[in-house]
Amino acid sequence: MTRVTKPTIIVKRPLSAQQIWGRIGIYAFLGGLALFFFLPAYVMLVTSFKGMDEIRLGHIFTLPQQFSFDAWVKAWTSACTGLDCTGLRVGFWNSVKIVVPSMTLSILLGAINGYALSFWKVKGANVLFACLLLGSFIPYQVFIYPLVRVYAQAGIYGSLPAIVLTHIIFGMPVMTLLFRNYYSGLPVELFKAARVDGAGFWKIFFAIILPMSAPITIVAVIMQVTAIWNDFLLGLVFAGRENLPMTVQLNNIVNTTTGERAYNVNMAATMLTSLVPLVVYLVSGRWFVRGIASGAVKG
Amino acid sequence: MAAVVIFAYLGTLAWSVRLSFSSSKLLPRNDFIGIAQYLTLFDTPRWLTSLGNLVIIAFFFLVICFILGTLLAIFIDQNVRAESLFRTVFLYPYAMSFVVAGLIWQWILNPEFGIQQTMRSFGFSGFVLDWVVNPKMVLYAIIMATVWHGSGLVMALLLAGLRGIDGEIWKATRIDGIPTWRVYLQVILPMLRPMIITSLVLLSISIIKMYDVVVAMTNGGPGTASEVPAKFIMDNLFERANIGLATAASTVMLITVMFIMAPVLYFQYFRKSGSSS
Numbered sequence: 686m687t688r689v690t691k692p693t694i695i696v697k698r699p700l701s702a703q704q705i706w707g708r709i710g711i712y713a714f715l716g717g718l719a720l721f722f723f724l725p726a727y728v729m730l731v732t733s734f735k736g737m738d739e740i741r742l743g744h745i746f747t748l749p750q751q752f753s754f755d756a757w758v759k760a761w762t763s764a765c766t767g768l769d770c771t772g773l774r775v776g777f778w779n780s781v782k783i784v785v786p787s788m789t790l791s792i793l794l795g796a797i798n799g800y801a802l803s804f805w806k807v808k809g810a811n812v813l814f815a816c817l818l819l820g821s822f823i824p825y826q827v828f829i830y831p832l833v834r835v836y837a838q839a840g841i842y843g844s845l846p847a848i849v850l851t852h853i854i855f856g857m858p859v860m861t862l863l864f865r866n867y868y869s870g871l872p873v874e875l876f877k878a879a880r881v882d883g884a885g886f887w888k889i890f891f892a893i894i895l896p897m898s899a900p901i902t903i904v905a906v907i908m909q910v911t912a913i914w915n916d917f918l919l920g921l922v923f924a925g926r927e928n929l930p931m932t933v934q935l936n937n938i939v940n941t942t943t944g945e946r947a948y949n950v951n952m953a954a955t956m957l958t959s960l961v962p963l964v965v966y967l968v969s970g971r972w973f974v975r976g977i978a979s980g981a982v983k984g
Numbered sequence: 327m328a329a330v331v332i333f334a335y336l337g338t339l340a341w342s343v344r345l346s347f348s349s350s351k352l353l354p355r356n357d358f359i360g361i362a363q364y365l366t367l368f369d370t371p372r373w374l375t376s377l378g379n380l381v382i383i384a385f386f387f388l389v390i391c392f393i394l395g396t397l398l399a400i401f402i403d404q405n406v407r408a409e410s411l412f413r414t415v416f417l418y419p420y421a422m423s424f425v426v427a428g429l430i431w432q433w434i435l436n437p438e439f440g441i442q443q444t445m446r447s448f449g450f451s452g453f454v455l456d457w458v459v460n461p462k463m464v465l466y467a468i469i470m471a472t473v474w475h476g477s478g479l480v481m482a483l484l485l486a487g488l489r490g491i492d493g494e495i496w497k498a499t500r501i502d503g504i505p506t507w508r509v510y511l512q513v514i515l516p517m518l519r520p521m522i523i524t525s526l527v528l529l530s531i532s533i534i535k536m537y538d539v540v541v542a543m544t545n546g547g548p549g550t551a552s553e554v555p556a557k558f559i560m561d562n563l564f565e566r567a568n569i570g571l572a573t574a575a576s577t578v579m580l581i582t583v584m585f586i587m588a589p590v591l592y593f594q595y596f597r598k599s600g601s602s603s
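As you go down the protein sequences, you meet chains A and B in turn. In terms of this note's numbering, the first sequence opens at residue 686 and continues consecutively. In terms of this note's numbering, the second sequence opens at residue 327 and continues consecutively.
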């Protein structure tokens with residue numbers, strides 16, 4: 686997004702007293718709220734480096750007296766999720782195993798669907814489009830029971846294919862919309878010329894459309910990686926005990942341990958779980974905003 | 327391809343709705359008992375509690391998120407230094423999972439170790455901040471976590487909108503001598519309507535679907551003080567083996583979402599692009 690220059694504020698001129706107070710007010714407001722928003726991250730970080738003795742003192746804001754990585758190591762390798770005590774790394778790799786195929790396939794299918802919808806005048810495309818729009822907002826709860834039954838019938842309930850398939854199904858409407866909106870902004874002439882040259886559906890897709898899809902694919906990847914990584918409900922229901930994603934394991938670590946809660950381990954585990962979406966967010970910068978905005982209602 | 331998916335969608339959807347008119351308990355049954363499940367549903371105290379909770383959470387969440395997000399966007403738009411730093415700090419919670427948000431706030435608000443204990447150790451021995459375990463306040467703890475999670479989204483969308491506003495408008499209002507706050511209220515915000523609607527719709531949908539944050543933070547407790555509809559459905563589906571009731575509840579949820587979405591979608595897409603598509 687290009688920055689529109691605003692003619693109002695000219696910084697070079699000395700500010701009047703009122704303007705100075707205005708500036709102070711702005712920074713006080715933003716700074717105060719920034720503290721509030723940053724607080725949880727800070728608390729998590731310092732807690733994860735403390736020992737339990739120190740945590741029992743009840744100063745959640747103080748810096749750790751004895752800095753230690755033990756909690757992180759424990760969270761990764763030996764924290765108990767339910768009965769297994771193999772740490773979050775299991776969940777991490779489960780999440781990776783879920784995210785990679787779900788993301789790849791749903792983006793590919795979304796691209797093909799979007800392409801078909803915007804260039805090949807499919808019959809009833811408008812009705813399809815309306816259904817897709819609605820489909821992207823329907824609460825998952827409505828679908829869960831029938832899906833469980835279908836998967837059970839097919840013998841894949843509680844397996845990796847089940848959870849991947851579920852993510853693909855639920856990712857499809859948004860991905861299709863995203864690509865449809867992007868492709869409808871491309872010049873139709875390109876497509877027409879290819880048709881004249883005798884290229885068919887797939888040839889045009891792979892030779893012309895796909896190479897031009899890089900910008901929107903980045904947005905799609907950001908959306909799908911964060912959405913699938915952060916999913917809790919679907920993983921809980923469909924993944925089965927062997928493939929529980931990191932978010933579900935995290936919740937198990939924190940909420941089902943018996944005896945004294947190891948808060949430092951919990952916080953380290955929480956940070957580990959949010960690491961992937963945070964990295965995506967920090968690396969992708971304003972693409973991230975574009976992603977969530979186009980995942981919304983606009984295209 | 328898309329057609330297949332939609333058939334799958336509509337099929338499962340119809341199946342769900344169909345089940346809500348049957349007497350299914352642990353196993354689905356194919357009988358038809360009319361709206362009895364709906365009558366039972368609205369006679370179930372736990373469902374009514376969860377609906378009431380949802381209304382309270384949704385109201386405060388939307389109002390606070392919107393006001394906070396808008397103010398943040400406007401203030402950040404005043405040529406502040408370190409703008410990207412501020413943006414990063416306000417939006418990072420949105421990148422994280424709801425489970426994570428719930429767990430973090432549960433920890434901070436935990437009466438034994440969290441803010442309450444810290445304040446007491448500073449000598450305020452009567453200081454009380456027990457929202458997570460207090461049935462009267464637990465909803466506000468959840469609201470706090472969700473506001474923390476969602477305000478950045480409003481900020482990001484509105485900021486993008488503010489950046490798209492023509493500088494001429496600012497010039498014109500300056501010449502007319504209209505105070506800045508009135509320009510924002512009466513000129514700029516109405517111009518940002520699409521962004522505002524987008525963010526409000528996104529937030530509403532996320533609140534109706536809300537499940538993870540409650541499970542992570544309070545698991546519906548203490549007692550049933552923080553039950554929400556999505557959790558009610560999941561519990562009846564998997565733990566209480568009451569499929570008929572669960573599908574009836576999910577149908578109610580579906581209707582609510584449709585109710586919010588239909589007019590928005592209509593105005594966003596079909597009226598505007600009616601001629602072109």
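There could be a bad hint or two in this list.
[Stated by the list, open to error] Chain B stretches covered by chain A per the calculated footprint, using a threshold of three residues with CB under 8 Å from any CB of chain A:
id : stretch
1  : 394-403
2  : 437-450
3  : 529-539
4  : 547-553
Don't read these hints as lab results, they were simulated from the structure. Treat the numbers as computed from the prediction; the structure is a model and nothing was measured. Every residue, glycine too, gets a C-beta built ideally from N, C-alpha and C.
A quick look at each hint next to the structure:
1. Counting residues of the stretch 394-403 of chain B whose beta-carbon sits less than 8 Å from any beta-carbon of chain A gives 5, enough to reach three: the coverage restraint holds.
2. Look at the stretch 437-450 of chain B against chain A: 8 of its residues bring a Cβ nearer than 8 Å to a Cβ of that chain, three or more, so the hint holds.
3. A stretch counts as covered by a chain when three or more of its residues have a beta carbon under 8 Å from one of that chain; for the stretch 529-539 of chain B and chain A the count is 5, and the coverage holds.
4. Residues of the stretch 547-553 of chain B with a Cβ under 8 Å from some Cβ of chain A number 0, which does not satisfy the need for three, so the listed coverage is violated.
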